[in-house]
Amino acid sequence: QKEVEQNSGPLSVPEGAIASLNCTYSDRGSQSFFWYRQYSGKSPELIMFIYSNGDKEDGRFTAQLNKASQYVSLLIRDSQPSDSATYLCAVRSPSGGYNKLIFGAGTRLAVHP
Amino acid sequence: DGGITQSPKYLFRKEGQNVTLSCEQNLNHDAMYWYRQDPGQGLRLIYYSQIVNDFQKGDIAEGYSVSREKKESFPLTVTSAQKNPTAFYLCASSISSGRALGGKNIQYFGAGTRLSVL
Numbered sequence: 001q002k003e004v005e006q007n008s009g010p011l012s013v014p015e016g017a018i019a020s021l022n023c024t025y026s027d028r029g030s031q032s033f034f035w036y037r038q039y040s041g042k043s044p045e046l047i048m049f050i051y052s053n054g055d056k057e058d059g060r061f062t063a064q065l066n067k068a069s070q071y072v073s074l075l076i077r078d079s080q081p082s083d084s085a086t087y088l089c090a091v092r093s094p095s096g097g098y099n100k101l102i103f104g105a106g107t108r109l110a111v112h113p
Numbered sequence: 114d115g116g117i118t119q120s121p122k123y124l125f126r127k128e129g130q131n132v133t134l135s136c137e138q139n140l141n142h143d144a145m146y147w148y149r150q151d152p153g154q155g156l157r158l159i160y161y162s163q164i165v166n167d168f169q170k171g172d173i174a175e176g177y178s179v180s181r182e183k184k185e186s187f188p189l190t191v192t193s194a195q196k197n198p199t200a201f202y203l204c205a206s207s208i209s210s211g212r213a214l215g216g217k218n219i220q221y222f223g224a225g226t227r228l229s230v231l
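Protein chains in written order, with my numbering: chain U, 1 to 113; chain H, 114 to 231.
A couple of the hints might just be wrong.
[Claimed, not checked] With a Cα cut of at most 27 Å, we get these calculated BS3-like pairs of lysine-lysine:
1) U:K67 with H:K196
2) U:K67 with U:K100
3) U:K100 with H:K170
4) H:K196 with U:K42
5) H:K127 with H:K184
6) H:K170 with H:K183
7) H:K183 with U:K100
8) H:K122 with U:K67
9) H:K170 with U:K56
10) U:K42 with U:K100
11) U:K42 with H:K127
12) U:K100 with H:K122
13) H:K127 with U:K100
Hints are computed from structural coordinates only; laboratory data are not their basis.
Taking the hints into account, I'd like the entire structure generated from these sequences.
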């Protein structure tokens, strides 16, 4: 079982719709959760982070965390073609006492006009 | 302009050659990291450093070496022992690397170096 799992996609949504990206993790002791966006050929850029159960909203983006079920999701409202990218879920592992992030393989999102 | 600078953007390695990838940050961050990304895969940690003159192996350190002589710099050497070096290499930094929750542990990435074998 992979430590952080994401559906590779592509997830195809029409412009203006809500895109829902999901991520599950195996380490129940995980504490912090990050969503990065990565355009093709570019480096990851942070979208949001969350560490408390529930929802966290920032503009069109909402991160949702459910530690009991061990999943974290990212909702993108009013999706735009410029949102087309790969979204990486990263989970902070408590092992070793340092800030180790475990990355999923990413979900490719395609927003079509 | 604060940020993380990686150079070169593209690098080609001949068989048996060691190559060094540069990573410089002016964010005054204590912690720095090197990741490798292969197509369709997530990022895998090669090495990390929490403070100057100290660094630790990550999950895939074999065939790589690093140094941390200055807070701002964390170069990665891909040695001839790394038999499959073709990948996208990403350097990251964070304010700290401790257990605290919140923004201090956010990792920010440089633009990356794409390494290929001739």
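Of the hints stated earlier, which fail here? 1, 5, 8, 9 and 13
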